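**Q** As a plain string of letters, each chain reads:
2 protein chains.
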Amino acid sequence: MIHFALRRAHNIHWQHLEVDRNAHASLKHQRPKVVWFTGLSGAGKSTIANLVEKKLHHLGRHTFLLDGDNLRHGLNRDLGFSDADRVENIRRAGEVARLMADAGLIVLCAFISPFRAERRMVRELMPAGDFLEVFVDVPLADAERRDPKGLYRKARAGEIPNFTGIGSPYERPENAEIRIETTAMLPEEAADLIVKAVLG
Amino acid sequence: MIHFALRRAHNIHWQHLEVDRNAHASLKHQRPKVVWFTGLSGAGKSTIANLVEKKLHHLGRHTFLLDGDNLRHGLNRDLGFSDADRVENIRRAGEVARLMADAGLIVLCAFISPFRAERRMVRELMPAGDFLEVFVDVPLADAERRDPKGLYRKARAGEIPNFTGIGSPYERPENAEIRIETTAMLPEEAADLIVKAVLG
Chain R
1 MIHFALRRAH
11 NIHWQHLEVD
21 RNAHASLKHQ
31 RPKVVWFTGL
41 SGAGKSTIAN
51 LVEKKLHHLG
61 RHTFLLDGDN
71 LRHGLNRDLG
81 FSDADRVENI
91 RRAGEVARLM
101 ADAGLIVLCA
111 FISPFRAERR
121 MVRELMPAGD
131 FLEVFVDVPL
141 ADAERRDPKG
151 LYRKARAGEI
161 PNFTGIGSPY
171 ERPENAEIRI
181 ETTAMLPEEA
191 ADLIVKAVLG
Chain W
1 MIHFALRRAH
11 NIHWQHLEVD
21 RNAHASLKHQ
31 RPKVVWFTGL
41 SGAGKSTIAN
51 LVEKKLHHLG
61 RHTFLLDGDN
71 LRHGLNRDLG
81 FSDADRVENI
91 RRAGEVARLM
101 ADAGLIVLCA
111 FISPFRAERR
121 MVRELMPAGD
131 FLEVFVDVPL
141 ADAERRDPKG
151 LYRKARAGEI
161 PNFTGIGSPY
171 ERPENAEIRI
181 ETTAMLPEEA
191 ADLIVKAVLG
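Line by line, the protein sequences are chains R and W.
Per our numbering, numbering through the first sequence is continuous, rising by one, with the last residue being 200.
Per our numbering, numbering through the second sequence is continuous, rising by one, with the last residue being 200.
Hints are supplied without guarantee of correctness; some may be wrong.
One copy or two, either will do: identical chains are not told apart, so a pair holds if it fits within one copy or between any two.
[As the list claims (entries may be wrong)] With a straight-line Cα cutoff of 35 Å, these simulated DSBU-like cross-link-like pairs (lysine-lysine) come out: (1) Lys-154 to Lys-28; (2) Lys-196 to Lys-54; (3) Lys-196 to Lys-154; (4) Lys-149 to Lys-54; (5) Lys-28 to Lys-55; (6) Lys-28 to Lys-54; (7) Lys-196 to Lys-28.
Hints were generated in silico from the structure; no laboratory data involved.
Please read these numbers as outputs of a predicted model, since none were measured by experiment.
Let's have the full structure, built from the sequences with the hints guiding it.
**A** See below:
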């Protein structure tokens, strides 16, 4: 294994790209950002991220929405929900978000991403100031009552082990750039606030 | 494992995105494409792909270049060169290319991608007509003589097992949309030809 790792490190070059992040961004007249939505299942991350994307799109901004559920149907479909697989799920999402930012886009990412360490890992892929963490803060009881996908019910019945909030912890962000209290704000209002922060 | 797989399939929803590929593409006034460069190491894939990107960028097209070497420093840095890892390397590259096309971009991909099956897998991720395979066809002897990264020398010395063309086969494309004969054409000429095909 060590020999293998060495071989990789030695023999993979870095290919210089002439059209770089700055060139891509200036064609789009915008500054690339990664906006990372974290929170419990059912908090409303995807709903708010969709609204933010719609508003940015109407303003002529070049965006992309990376959604945790959708990524698990494609790029991450080989991953499950063990701790190691969750970390790999977020690592790949972060790497794709960085590539999208390299392409000059404003990238909205909606992932439960329950662990602080993995959110920090993603943050560190981006230049300071170009990563916005949005904590969609819903009380567990509320998320469970709404249960839009019926997952909390299954988790309580023991059908989904490691479900965040039930069998697996959610580590609340300590320094998110934006915190949305879903009990105090409608999705539309939250989206307006986030758009302002992205463009500000 | 089977239980696990079932659980995944049952409990992951598909999140509908309101700003879709068409919306992203129309903001950019272009049709998304994936242009896939395949060929031996040292064939000139990255060189030509870089030229194509520069030309498209100067024409105001929104592009991105996914390069095999660079991806192995980030998204695919957990992968080696076993057959399974090579397939996974290309699978992920294809999924990222599809996401980039969903974002409305013209995506240039430079990967040795020696196996027909994996190139077909990537092709099938895209709507017919939106995937262009570019075979950068260099005689092995030429690639080995140029050896820009010194890799053929190492492979001949037995230091790189499974090196494509030496310890591992390269399966020539049978139906590539474009074939570039590097012995008959300069990179600039090849790039012009490809740009015409992308925009045509």
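**Q** The structure should be examined with respect to each hint, and the outcome stated for every one.
**A** Taking the hints in turn, this is what the structure says about them:
{"no.": "1", "hint": "Lys-154 to Lys-28", "verdict": "neither (44 Å within a copy, 43 Å between copies)"}
{"no.": "2", "hint": "Lys-196 to Lys-54", "verdict": "both (14 Å within a copy, 33 Å between copies)"}
{"no.": "3", "hint": "Lys-196 to Lys-154", "verdict": "neither (38 Å within a copy, 54 Å between copies)"}
{"no.": "4", "hint": "Lys-149 to Lys-54", "verdict": "within (23 Å within a copy, 45 Å between copies)"}
{"no.": "5", "hint": "Lys-28 to Lys-55", "verdict": "both (16 Å within a copy, 17 Å between copies)"}
{"no.": "6", "hint": "Lys-28 to Lys-54", "verdict": "both (17 Å within a copy, 16 Å between copies)"}
{"no.": "7", "hint": "Lys-196 to Lys-28", "verdict": "both (18 Å within a copy, 23 Å between copies)"}
In summary, the numbered hints that this structure violates are 1, 3.
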